[in-house]
Amino acid sequence: EPEVTQTPSHQVTQMGQEVILRCVPISNHLYFYWYRQILGQKVEFLVSFYNNEISEKSEIFDDQFSVERPDGSNFTLKIRSTKLEDSAMYFCASSELDTEAFFGQGTRLTVV
Amino acid sequence: AQSVTQLGSHVSVSEGALVLLRCNYSSSVPPYLFWYVQYPNQGLQLLLKYTTGATLVKGINGFEAEFKKSETSFHLTKPSAHMSDAAEYFCAVRNTGGFKTIFGAGTRLFVKA
Numbered sequence: 001e002p003e004v005t006q007t008p009s010h011q012v013t014q015m016g017q018e019v020i021l022r023c024v025p026i027s028n029h030l031y032f033y034w035y036r037q038i039l040g041q042k043v044e045f046l047v048s049f050y051n052n053e054i055s056e057k058s059e060i061f062d063d064q065f066s067v068e069r070p071d072g073s074n075f076t077l078k079i080r081s082t083k084l085e086d087s088a089m090y091f092c093a094s095s096e097l098d099t100e101a102f103f104g105q106g107t108r109l110t111v112v
Numbered sequence: 001a002q003s004v005t006q007l008g009s010h011v012s013v014s015e016g017a018l019v020l021l022r023c024n025y026s027s028s029v030p031p032y033l034f035w036y037v038q039y040p041n042q043g044l045q046l047l048l049k050y051t052t053g054a055t056l057v058k059g060i061n062g063f064e065a066e067f068k069k070s071e072t073s074f075h076l077t078k079p080s081a082h083m084s085d086a087a088e089y090f091c092a093v094r095n096t097g098g099f100k101t102i103f104g105a106g107t108r109l110f111v112k113a
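Chains A and B, in that order, are what the protein sequence lines are.
Taking this note's numbering, the leading residue of the first sequence gets 1, the next gets one more, and so forth.
Taking this note's numbering, the leading residue of the second sequence gets 1, the next gets one more, and so forth.
None of the hints are false.
Taking beta-carbon pairs under 8 Å as the criterion, some of the chain B residues facing chain A (in silico):
#1 Phe34
#2 Thr96
#3 Gly97
Computed list of chain B residues with no C-beta within reach of chain A, every gap over 10 Å:
#4 His10
#5 Arg22
#6 Gly62
#7 Phe63
#8 Glu64
#9 His75
#10 Ala113
When the alpha-carbon atoms are kept at most 30 Å apart in a straight line, the in silico DSSO-like pairs for lysine-lysine are as follows:
#11 A/Lys57 - B/Lys69
#12 B/Lys49 - A/Lys42
#13 A/Lys42 - B/Lys112
#14 B/Lys49 - A/Lys57
What the hints contain is simulated information worked out from the structure, not anything from laboratory work.
None of these values were measured; they are calculated from a predicted model.
Using N, Cα and C, we set each Cβ at its ideal position, and we do this for glycine too.
Looking at chain B on its own, in the form it has when it is part of the complex (with noise of 0.2 Å):
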């Protein structure tokens, strides 16, 4: 069965500095791998997605991630936080040929200034 488990419920980090959010997977099959992000009373907006090829994959607002198959992560990062980045983020996972989306519990970023 697959499951996302991400570490932190919450994380805090200074305006300017590195945004470390971490994802770990359980997948009997090559997965799927997302990253989306929730604004207060919003939806779910895609971040970035992992599915074949590189394994460094860039989303938008300057975040990335990096799948390690040998360490079942998929790590979301970005080189400097900026005040508009405070939202909750959702690691997922899919099977390739799948139909469900699993997510993680969730982590809220703030940013203090």
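If we strip away everything but chain A, and leave its shape as in the complex, we get (with noise of 0.2 Å):
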């Protein structure tokens, strides 16, 4: 079954430095999508891409935050000069037009 991969599992980065965030979406989708979960609490929306372009970005998504489609596979959200703050998972998603996003397994991402 086509799944949608996250690497690396778990990224332990010191703050003030940048971290690459790295998803391969399901191969014949065509939406994408960063969402953030903070230890213990809800899942929270960052970006959606379409098209190679963001289609809607909520109000976590700052300067601080860019998201890229290098290649015709890989999709990754880069997040600079991290922040304590931006501890959290973070979830990669891939959707076709108009269904439920499928989900990756995460990215813990821990700034110390």
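Two chains, two frames, some hints: make the complex.
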């Protein structure tokens, strides 16, 4: 069964450093998403991406964040100048048009 | 604006008992509704979804949910709980034609032997 793959599963970084979280969406999906889940809290929408551009973003997704689809298979989330409060589980998801999102297993980001 | 309210952050049932997890939503347009399950240290797995048509939808692992427009509810049920059902359950909503899925705060289900 096709699945969304995220790497790494766990990333530890020092405050102020840049991190790139990587995702391989399901191959025939056209819509890509990033979500965040701070420990013990709800899953929060960050951004959606379609046709090589951001289609929607939340207020969380400020200039510190960026997304990119560098090639035909990968979808990345870059977090610049990480802060302690960026520590969270980050989920990538993908979908076809107007269907449910399929989620990856997540990357646990720990900022120290 | 869309929103999802899950009543009860924790629900505890005995093995074999009925599971009922409550979800109410707010949406200005006909919504798509979902239930996702999250096992410890894992991702989100789709349990079931409502898009159009039949309001009672069946999902995996014996779960089902009923869309009640008049009550703006989408409660999740399972007739008989199993120990393996212990997990976090998230109700979610998305507008038809929209991009983002909005999640509720989640309900942690405990199953007692």
